[in-house]
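Novice: Chains A and B, in that order, give the protein sequences. Per numbering that gives the first Met the number 0, the first sequence runs over residues 0 to 115. Per numbering that gives the first Met the number 0, the second sequence runs over residues 0 to 115.
No lab work stands behind these hints, which were simulated from the structure alone. Treat the hints with caution; some may be incorrect.
Because identical chains cannot be distinguished in the list, a pair is counted as satisfied if it fits within a single copy or across any two copies.
Claimed, not checked - Below, simulated DSSO-like cross-link-like pairs (lysine-lysine); rule was C-alpha separation at most 27 Å, straight line:
(1) Lys111 x Lys74
(2) Lys114 x Lys74
(3) Lys103 x Lys74
(4) Lys1 x Lys111
2 protein chains.
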Amino acid sequence: MKIASVKEIPSEKVDMDGAKDCQVKLAVTARDGAPNFAMRIFEVSAGGHTPLHRHPYEHEIFVMEGQGTVWRDGKEVTIKPGDVLYIPADEQHQFKNASNQAFKFMCLIPAKFQKC
Amino acid sequence: MKIASVKEIPSEKVDMDGAKDCQVKLAVTARDGAPNFAMRIFEVSAGGHTPLHRHPYEHEIFVMEGQGTVWRDGKEVTIKPGDVLYIPADEQHQFKNASNQAFKFMCLIPAKFQKC
Chain A
0 MKIASVKEIP SEKVDMDGAK DCQVKLAVTA RDGAPNFAMR IFEVSAGGHT
50 PLHRHPYEHE IFVMEGQGTV WRDGKEVTIK PGDVLYIPAD EQHQFKNASN
100 QAFKFMCLIP AKFQKC
Chain B
0 MKIASVKEIP SEKVDMDGAK DCQVKLAVTA RDGAPNFAMR IFEVSAGGHT
50 PLHRHPYEHE IFVMEGQGTV WRDGKEVTIK PGDVLYIPAD EQHQFKNASN
100 QAFKFMCLIP AKFQKC
């Protein structure tokens, strides 16, 4: 059994086309032996965003801190701590920080699409 | 895309042998179309606990509120908000509330083992 504080997990820069001022912590992945899905925690700084993109796998998301938006069907929808999201495979989406404070959310994906 | 506040998701009593004063919110499951894994949010009241058990699938866990313990290798280990846990398949475990306030944690499992 792994037990770790998120604070102790190192942050890595999100190095994807279309990402700006994003970092990620790999909380639970195949490196821990997790065979089916991976838990990542993203932090988007003020003014930052994830790519506007789509891909052939789903996201399950929990908003942890700050205030942000998610791009849904061409509109930016406000999301806040305590919100959960399900984004089906192949649905276009983007997350933006909508405040001056860090925007943090957990994002889980199937393990076979986790690159780290 | 589903967006929901955890506050709006109904709670259901955890009706398992060995569970005491536990409720669960089904945040993202196959009912939402999620094909691979399910996100559930548990609330254990003061004095409550989940079963001491093992099963043939893993847990990925994030501690959200309160203070609790997890049974690991015969000892109760304190866990707190911001902790992440990975419990491999077939490893015995139990969660207990260790305070007078609600103890809340997110627990994800492979979709094929989600009953609701």
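Novice: One pair to classify: Lys114 and Lys74, alpha carbons no more than 27 Å apart. Within, between, both, or neither?
Specialist: Result: close neither inside a copy nor across copies, 29 Å intra and 34 Å inter.
Novice: Checking Lys1 and Lys111: alpha-carbon separation at most 27 Å within a copy, between copies, both or neither?
Specialist: both (21 Å within a copy, 23 Å between copies)
Novice: Tell me, please, which holds for Lys103 and Lys74 at an alpha-carbon limit of 27 Å: within, between, both or neither?
Specialist: Within one copy only: 20 Å inside, 32 Å across.
Novice: Between the shortest in-copy and the shortest cross-copy C-alpha distance, which are at most 27 Å for Lys111 and Lys74: within, between, both, or neither?
Specialist: neither (30 Å within a copy, 33 Å between copies)
The structure shown violates the earlier hints numbered 1, 2.
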